[in-house]
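Participant: As you go down the protein sequences, you meet chains V and L in turn.
If you're matching positions, the first sequence starts at 1 in full-length UniProt numbering and goes up one per residue.
If you're matching positions, the second sequence starts at 1 in full-length UniProt numbering and goes up one per residue.
Hints in this document: simulated from the structure, not taken from any laboratory.
From the three backbone atoms N, C-alpha and C, an ideal C-beta is built for every residue, glycine too.
One thing to keep in mind: the hints can contain errors.
Listed next, with one range per pair, are the computed distances between beta-carbon atoms [claimed, not checked]:
| no. | chain 1 | residue 1 | chain 2 | residue 2 | range |
| --- | --- | --- | --- | --- | --- |
| 1 | V | LEU196 | L | THR6 | 49 to 59 Å |
| 2 | L | GLU60 | V | LYS191 | 16 to 26 Å |
| 3 | V | PHE201 | L | GLU60 | 51 to 61 Å |
| 4 | L | GLN75 | V | ALA259 | 30 to 40 Å |
| 5 | V | LEU196 | L | ASP29 | 35 to 45 Å |
| 6 | V | ASP217 | L | GLN75 | 51 to 61 Å |
Calculated pairs, EDC-like style, for lysine to aspartate or glutamate (alpha carbon to alpha carbon, straight line, at most 20 Å) [unchecked claim]:
| no. | chain 1 | residue 1 | chain 2 | residue 2 |
| --- | --- | --- | --- | --- |
| 7 | V | LYS42 | L | GLU139 |
| 8 | V | LYS42 | L | GLU136 |
| 9 | V | LYS20 | L | ASP72 |
| 10 | L | LYS118 | V | ASP8 |
| 11 | L | LYS187 | L | GLU123 |
| 12 | L | LYS252 | L | GLU230 |
| 13 | V | LYS116 | L | ASP72 |
| 14 | L | LYS74 | V | GLU15 |
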Amino acid sequence: MILNAAVDSAIAIAERRIGKPGEQVFAGRPYVMIQRAFLAFKGSSWFVVLSGFVEPVLYLASFGYGLSSLVGPMTSSGDSISYAAFIAPGLLATSAMNGAIYDSTFNVFFKMHHGKVYNAMLATSLGPLDVAMGEIGWALLRGLTYAIGFMIVVAPFGLIPSIWGLLAIPAAVLIAFGFASVGMGVTSYLKDFQQLEWINFIMLPLFLFSGTLYSTDAFPRALQIIIEALPLAQAIALVRDLTLGQVHLGTLWHILYFAVMIVGGLFFTTHRLRSLFQK
Amino acid sequence: MPTRSTEVVIAAHNLKKVYGDFVAVDSIDFKVRKGESFGLLGPNGAGKSTTMRMMSATMERSEGELMILGLDPKQDSPQIRAHLGVVPQQDNLDGELTVAENLYIYGRYFGLSRAYLKPKVEELLDFAQLQEKRNEKVEALSGGMKRRLTIARGLINQPEILMLDEPTTGLDPQARHILWDRLFRLKEEGVTLILTTHYMDEAEQLCDRIIVMDNGRIMAEGSPAALIAEYSSKEVLELRFGSNKNAESAKKLAGYGDRLEILPDRILIYCTDAELVLEKINHDGMKPLTSLVRRSSLEDVFLRLTGRTLVD
Ligand SMILES: Nc1ncnc2c1ncn2[C@@H]1O[C@H](COP(=O)(O)OP(=O)(O)OP(=O)(O)O)[C@@H](O)[C@H]1O
Ligand SMILES: [Mg+2]
């Protein structure tokens with residue numbers, strides 16, 4: 001088996017894909033992108049990695065403990081909970097979004113335009129869907145690591161009152177998946193660094209108004225409906241349901257929301273990569 | 001010597017590429033045979049790179065037909081690319097990785113195994129003479145070293161067809177000659193070479209057959225020797241009279257050779273025996289500042305076909 005793999009030529013490998021679904025765009029090898037990311041990661045600074053983990057913890061320390069004496073206990077679906085326990089899921093969801101957006105926009109933009117790294121990849125038998133899935137996969141691995149780190153830090157403080165809270169980790173990955181698959185497609189439209197700034201411009205209000213730090217009940221009903229349709233509010237609601245153990249049918253809706261976002265985003269991104277590099 | 005094959009590996013018919021409403025490649029026809037080395041020659045913007053990109057199945061054609069190894073890139077582009085080695089005009093090495101990692105991961109993109117790639121990477125590091133730099137990031141390489149690495153990378157999958165877009169631009173003369181030697185060896189092993197170049201000597205040395213392109217069209221096609229025989233004379237006499245006297249002197253030179261070409265800085269006289277013509281001109285009392293006798297080259301073919309010099 002191993003010997004066989006060793007003598008396999010690039011041609012034999014490519015020909016095995018003939019007749020498989022999506023053979024034009026997918027070589028069945030997104031893992032080589034992850035391997036590339038690991039190699040690049042080894043040679044990069046640990047500082048960037050650490051910052052993704054530290055950020056939500058700092059927010060939690062500052063708001064959770066700083067504000068909780070002012071805010072007092074909160075009620076969520078009838079349960080009384082501490083303010084820190086209320087915002088912890090919001091911060092976890094937000095950091096999942098931030099990490100995924102960073103990886104799928106800034107990182108991808110740089111590779112698209114400056115390194116021309118994707119041009120090189122797509123001159124091999126690799127397809128655009130491999131590239132998209134690989135890049136997104138890497139973003140998810142990072143998201144997973146951060147989510148686990150966050151949980152390890154906050155759980156001992158009693159901020160994850162329910163055992164359902166364990167599922168907040170895969171939920172964070174699901175959220176990251178949704179944002180990364182759409183983010184990469186959006187990035188393909190951006191022409192310069194200035195346009196990249198728009199992304200920050202959208203992300204900050206999303207963070208401030210999506211119910212991270214207080215419930216969206218504070219807004220008038222009409223505004224509330226709009227906000228709740230946005231992905232970050234969906235993400236926060238999903239993680240909060242889980243960490244507080246308030247799982248109900250609505251929780252499934254949030255999951256479905258991200259499933260649709262992922263599938264749509266992957267189609268969109270693959271299509272864009274094809275028209276950008278192979279047309 | 002490779003056996004001259006008649007097997008066609010690339011066939012283009014009415015091949016066209018349009019960017020927006022700009023026609024970059026204008027309905028061209030050509031064939032490349034197995035084992036030959038095929039050159040695309042032309043000035044900046046002629047459409048060479050565009051043609052190369054379509055042949056490397058990385059860019060879709062706008063119109064016409066294109067078959068690569070019997071496959072149509074519209075249907076089977078990943079399978080086609082598995083047969084090819086591609087060296088783009090602009091290096092697109094992975095700046096986040098080291099020299100050796102660049103080769104290794106590129107092989108992984110083809111799905112090649114670690115067991116195959118380990119010795120292959122060593123072989124290619126030797127080929128590119130980059131063993132000492134193997135653990136450096138790509139940024140630490142000079143322009144010529146990057147070029148060598150890009151070429152080595154194109155060989156990772158043992159390609160049947162190697163496509164080189166201006167392979168030696170940026171290389172010093174010694175590195176160019178070493179590369180030519182390597183390309184010759186690949187050719188002997190039966191690899192089909194397709195290359196673009198601005199260097200006439202490169203085309204004459206390396207190519208069995210050439211197409212000369214201008215404005216997206218093919219102006220002429222043939223072996224270097226045949227093109228020279230067809231479009232130029234045996235020898236050329238280059239004369240300089242000083243920049244403002246060239247045009248005036250040209251009037252007196254009509255009739256000395258087969259044909260005259262007046263460039264801003266010099267006059268070219270096409271003839272069979274340039275020494276003889278020079279003697280006559282001196283004898284008739286004209287005093288060029290400098291004179292040069294040389295063989296006709298592809299440069300002259302190009303000048304004849306387009307009225308322009310190839311290297312600005
Ligand atoms: N992506 C693109 N979008 C629009 N126009 C393009 C694009 N790529 C090339 N062109 C145009 O198509 C023409 C042919 O370009 P191409 O790169 O094929 O030329 P070339 O023969 O390789 O030139 P050079 O010797 O400078 O490399 C040029 O006029 C160029 O401006
Ligand atoms: Mg070019």
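Participant: Please go over all the hints and tell whether each is borne out by the structure.
Facilitator: Evaluated hints:
For the pair V/LEU196 and L/THR6, the supplied restraint of 49 to 59 Å holds, since their beta-carbon distance comes to about 53 Å. Checked against the hint of 16 to 26 Å, the pair L/GLU60 and V/LYS191 passes, with Cβ atoms roughly 22 Å apart. Distance hint check: the CB atoms of V/PHE201 and L/GLU60 are about 35 Å apart, inconsistent with the given range 51 to 61 Å. Evaluation of the 30 to 40 Å hint for L/GLN75 and V/ALA259 yields a pass: the beta carbon distance comes to about 32 Å.
At about 44 Å, the CB distance of V/LEU196 to L/ASP29 agrees with the hint of 35 to 45 Å. Restraint check, V/ASP217 to L/GLN75: a C-beta distance of roughly 56 Å satisfies the suggested window 51 to 61 Å. With a CA separation close to 17 Å, the supplied pair V/LYS42 and L/GLU139 stays within the 20 Å bound. This hinted pair checks out: V/LYS42 and L/GLU136 have alpha carbons roughly 13 Å apart, not beyond 20 Å.
Distance restraint check for V/LYS20 and L/ASP72: the Cα-Cα separation of roughly 17 Å lies within the 20 Å cut-off, and the hinted pair is therefore satisfied. For the hint pairing L/LYS118 with V/ASP8, the CA-to-CA distance comes to about 14 Å; that is within 20 Å, so the pair holds. Restraint check for L/LYS187 and L/GLU123: the C-alpha separation of about 18 Å stays at or below 20 Å, so the hint holds. With a CA separation close to 27 Å, the supplied pair L/LYS252 and L/GLU230 exceeds the 20 Å bound.
Restraint check for V/LYS116 and L/ASP72: the C-alpha separation of about 26 Å exceeds 20 Å, so the hint is violated. The hinted pair formed by L/LYS74 and V/GLU15 meets the criterion: a straight-line CA distance of about 16 Å does not exceed 20 Å.
In this structure, the earlier hints numbered 3, 12 and 13 are contradicted, and the remaining ones agree with it.
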